[in-house]
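Protein chains: 2
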Amino acid sequence: MIKKIVLIGAGNVATHLGSALCGAGCDVVQVYSRTKESAMELADKLSAEYTVSVDGIRCDADMYIVALKDSALQELLPMLVKGREQAFFVHTAGSMPMDIWKGYLSHYGVFYPMQTFSKQRAVDFATVPFFVEAGGETELKMLKELAGKLSPKVYEATSEQRKYLHIAAVFACNFANHMYALSARILEKHHIPFEVMLSLIDETAKKVHELPPAKAQTGPAIRYDENVINRHLDLLADVPDMQELYEKISKSIYKQK
Amino acid sequence: MIKKIVLIGAGNVATHLGSALCGAGCDVVQVYSRTKESAMELADKLSAEYTVSVDGIRCDADMYIVALKDSALQELLPMLVKGREQAFFVHTAGSMPMDIWKGYLSHYGVFYPMQTFSKQRAVDFATVPFFVEAGGETELKMLKELAGKLSPKVYEATSEQRKYLHIAAVFACNFANHMYALSARILEKHHIPFEVMLSLIDETAKKVHELPPAKAQTGPAIRYDENVINRHLDLLADVPDMQELYEKISKSIYKQK
Chain A
3 MIKKIVLIGA GNVATHLGSA LCGAGCDVVQ VYSRTKESAM ELADKLSAEY
53 TVSVDGIRCD ADMYIVALKD SALQELLPML VKGREQAFFV HTAGSMPMDI
103 WKGYLSHYGV FYPMQTFSKQ RAVDFATVPF FVEAGGETEL KMLKELAGKL
153 SPKVYEATSE QRKYLHIAAV FACNFANHMY ALSARILEKH HIPFEVMLSL
203 IDETAKKVHE LPPAKAQTGP AIRYDENVIN RHLDLLADVP DMQELYEKIS
253 KSIYKQK
Chain B
3 MIKKIVLIGA GNVATHLGSA LCGAGCDVVQ VYSRTKESAM ELADKLSAEY
53 TVSVDGIRCD ADMYIVALKD SALQELLPML VKGREQAFFV HTAGSMPMDI
103 WKGYLSHYGV FYPMQTFSKQ RAVDFATVPF FVEAGGETEL KMLKELAGKL
153 SPKVYEATSE QRKYLHIAAV FACNFANHMY ALSARILEKH HIPFEVMLSL
203 IDETAKKVHE LPPAKAQTGP AIRYDENVIN RHLDLLADVP DMQELYEKIS
253 KSIYKQK
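Line order of the protein sequences matches chains A and B.
In terms of the working numbering, the first sequence opens at residue 3 and continues consecutively.
In terms of the working numbering, the second sequence opens at residue 3 and continues consecutively.
Honestly, the hints are just simulated from the structure, not real lab data.
Given the structure is predicted, the values throughout are model-derived calculations rather than measurements.
Don't take each hint at face value.
Repeated chains share a single entry, so a pair holds when one copy, or any two copies, can fit it.
[Stated by the list, open to error] Using 30 angstroms as the maximum straight-line C-alpha spacing, the simulated BS3-like pairs for lysine-lysine come out as follows:
id: 1; residue 1: 208; residue 2: 47
id: 2; residue 1: 146; residue 2: 165
id: 3; residue 1: 121; residue 2: 151
id: 4; residue 1: 5; residue 2: 257
id: 5; residue 1: 217; residue 2: 253
id: 6; residue 1: 191; residue 2: 84
id: 7; residue 1: 257; residue 2: 146
id: 8; residue 1: 84; residue 2: 250
id: 9; residue 1: 146; residue 2: 104
id: 10; residue 1: 259; residue 2: 155
id: 11; residue 1: 71; residue 2: 151
id: 12; residue 1: 155; residue 2: 257
id: 13; residue 1: 84; residue 2: 165
id: 14; residue 1: 253; residue 2: 165
id: 15; residue 1: 165; residue 2: 250
id: 16; residue 1: 191; residue 2: 6
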């Protein structure tokens, strides 16, 4: 059973996951981050030690959860595992294959919570799906058990599936949020509070619980209402990047019909 | 006070608005649609008469609500108002100015419910913001009163503001929904149920109740994680339209930072 955990990383994922693990009775014993301030802040929150040097990372934890930007993970990996070859390492990256651990370690896996984490907002882990993968059956069982403490939605996913899950999540979350951001930019420019958009945003999200998104589509593009589309393109003439996105997304909507 | 209403149009907006008006104690006396089937279906639902000819539209209603595609509204307008010059006409189109009525009528306005309406899904009008505009004070008062029966969120908006509201709504709703649809396309191709994406979608929508969307942004584009972005672009090589959108939206996210 996993009890003593070291967190490698102190960003949004590490912060929320660390708090949730502590809340579920795990013992986060140490936080590593290159940035002293981040390391201290999260360690303090979790009543853990902190270190800013890879050499200072403890060797006695049941599990090492690596929640770093992909490029940092790749760069740090050889140093992280050095002297800890018998330890159990997992990463939380949607887009990284499990095999990055292969050859370095005997016990490894992936522990991917598919959610959007911002420092300023608490996350209800009970609604977060976890996608787990492991090098061995024992490790898989341990990961499922650990994820199960945080959420009822625990799925096995291969690295191949997770790659596409991650792209799908970028569209459904990051890109959808950017559409909100572009909407907010328009409203701000015309002195209309973003608040008026919230019930539309909520309903758009709720609809796809009942209808497949392609069937839930409404608006000028799906009707191919050229009058409206052209008027909108004219109105966006002073923001060419938004104008281009408007045109390309409208075409993509109509094409899918 | 507005009691007897004629609905011009039998699409999604007319259908939902008609039901809500009936529920609020108004009397929808007639439905006009070019398509007999649509006219009959909605008239039946609202216990109203129906007509498929503009000449058959009654002349004794307190209000005519025109919920047509913009191009149809422009085309039909002269015929709709003919012989009904003293009647009170409103349209429900976000992108159409109020002035389309000017010169034809003495009593006119705009009654714009900003929501995404699909036939298959019931709408809770209590959460729908209404944006109203009218040619005169009396008409404005009547529209506010009518909208107030359906929703507590009634705002005055000029045609100029409504133009931008509508573009903002296209981004926040139609385009956000298309991001869900593209996400669903990826998942379907890899035999992953769309359902796993729902809690991420919900959280993304909920976040912007607390944080401005630009501050809520997460994912590879805002971090400019080139490793992930390039890997995703490679994985989308067989769907060039999605690949192009991925690249352009990522750049737009990073630029806004």
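So, going through the hints one by one against the coordinates:
no.	hint	verdict
1	208 <-> 47	between (34 angstroms within a copy, 25 angstroms between copies)
2	146 <-> 165	within (20 angstroms within a copy, 51 angstroms between copies)
3	121 <-> 151	within (22 angstroms within a copy, 40 angstroms between copies)
4	5 <-> 257	neither (51 angstroms within a copy, 42 angstroms between copies)
5	217 <-> 253	both (16 angstroms within a copy, 28 angstroms between copies)
6	191 <-> 84	neither (53 angstroms within a copy, 39 angstroms between copies)
7	257 <-> 146	neither (41 angstroms within a copy, 39 angstroms between copies)
8	84 <-> 250	neither (48 angstroms within a copy, 40 angstroms between copies)
9	146 <-> 104	within (20 angstroms within a copy, 67 angstroms between copies)
10	259 <-> 155	neither (32 angstroms within a copy, 33 angstroms between copies)
11	71 <-> 151	within (25 angstroms within a copy, 51 angstroms between copies)
12	155 <-> 257	neither (34 angstroms within a copy, 35 angstroms between copies)
13	84 <-> 165	within (27 angstroms within a copy, 61 angstroms between copies)
14	253 <-> 165	both (26 angstroms within a copy, 21 angstroms between copies)
15	165 <-> 250	both (25 angstroms within a copy, 20 angstroms between copies)
16	191 <-> 6	neither (51 angstroms within a copy, 39 angstroms between copies)
Taken one by one, the earlier hints fail for this structure at numbers 4, 6, 7, 8, 10, 12, 16, listed in ascending order.
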